[in-house]
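Sequential numbering from 6 applies to the sequence shown in the numbering used here.
Everything labelled a hint here was simulated from the structure, so no lab data went into it.
No more than 25 Å apart at the CA atoms, straight line, and that leaves these computed lysine to any residue pairs for SDA-like:
id, residue 1, residue 2
1, 162, 22
2, 201, 128
3, 179, 61
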Amino acid sequence: MWLMIEVELKKIWRGRLPIYLFLAFAILLFFHIDSHTWSGFISEKLNWFTLVMGMMGFGILSSWVFGREYQDQTFKDLLALPVSRNQIVGAKLISLTITEVLLALVSIGWLFILGLILHLSAFHATVILVLLERFAMSMIAAIGLTYLFPLLASLSKGLLMPISMSFAALLIGKIMAAESIGHYFPWSIPMLLSGKPGVVNLFSWLAVIVVAGIGVLGTMSWWTRGDHTD
Numbered sequence: 006m007w008l009m010i011e012v013e014l015k016k017i018w019r020g021r022l023p024i025y026l027f028l029a030f031a032i033l034l035f036f037h038i039d040s041h042t043w044s045g046f047i048s049e050k051l052n053w054f055t056l057v058m059g060m061m062g063f064g065i066l067s068s069w070v071f072g073r074e075y076q077d078q079t080f081k082d083l084l085a086l087p088v089s090r091n092q093i094v095g096a097k098l099i100s101l102t103i104t105e106v107l108l109a110l111v112s113i114g115w116l117f118i119l120g121l122i123l124h125l126s127a128f129h130a131t132v133i134l135v136l137l138e139r140f141a142m143s144m145i146a147a148i149g150l151t152y153l154f155p156l157l158a159s160l161s162k163g164l165l166m167p168i169s170m171s172f173a174a175l176l177i178g179k180i181m182a183a184e185s186i187g188h189y190f191p192w193s194i195p196m197l198l199s200g201k202p203g204v205v206n207l208f209s210w211l212a213v214i215v216v217a218g219i220g221v222l223g224t225m226s227w228w229t230r231g232d233h234t235d
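Hey, can you work out the whole structure from these sequences and the hints?
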């Protein structure tokens, strides 16, 4: 299993999409710097990361990790391997999760480097730790939601549908986050956790778990039992 994860990680990083996503976010950080204090800057940019990378970038990445197998016509080669198809899906999902966590950690590091370059003032460790804790929770939710897009990529046998759905989910999630029932809509929850964590409750997390479960179990079921004759 670990060998399969290593192979999948190499495939992801050799495809360079994670690098492009990070570079896009790193460049965006230089625009609209409204706060010149550490807490204001970190809070603002972590919210950006949740929206731009966590909700949109991770959706694109998860769609690509599975959809590229159809695009590159390597899907049937994977099915022919003498290993469980569930293990293949599991290795892909674990590799995807590791990549997303690494992107989040590297981006946090870049935030602090940029903060030093900008000579931000009023560094309060306690406040920063609270912001990082909120960010960690929002990333857990965002990563869980990305597990749905591999299922869509597998069902549609390509990239267009899952990437389109990830954009639609982002837009609807942004709208719903401002509504009183937004904490029940899964794609609003990462944004709420980042900005208004107090409104998120047990049912919010259950919604995320249900989406993640549908994605994981649905993808495994499709790869194991689906019609792959064409």
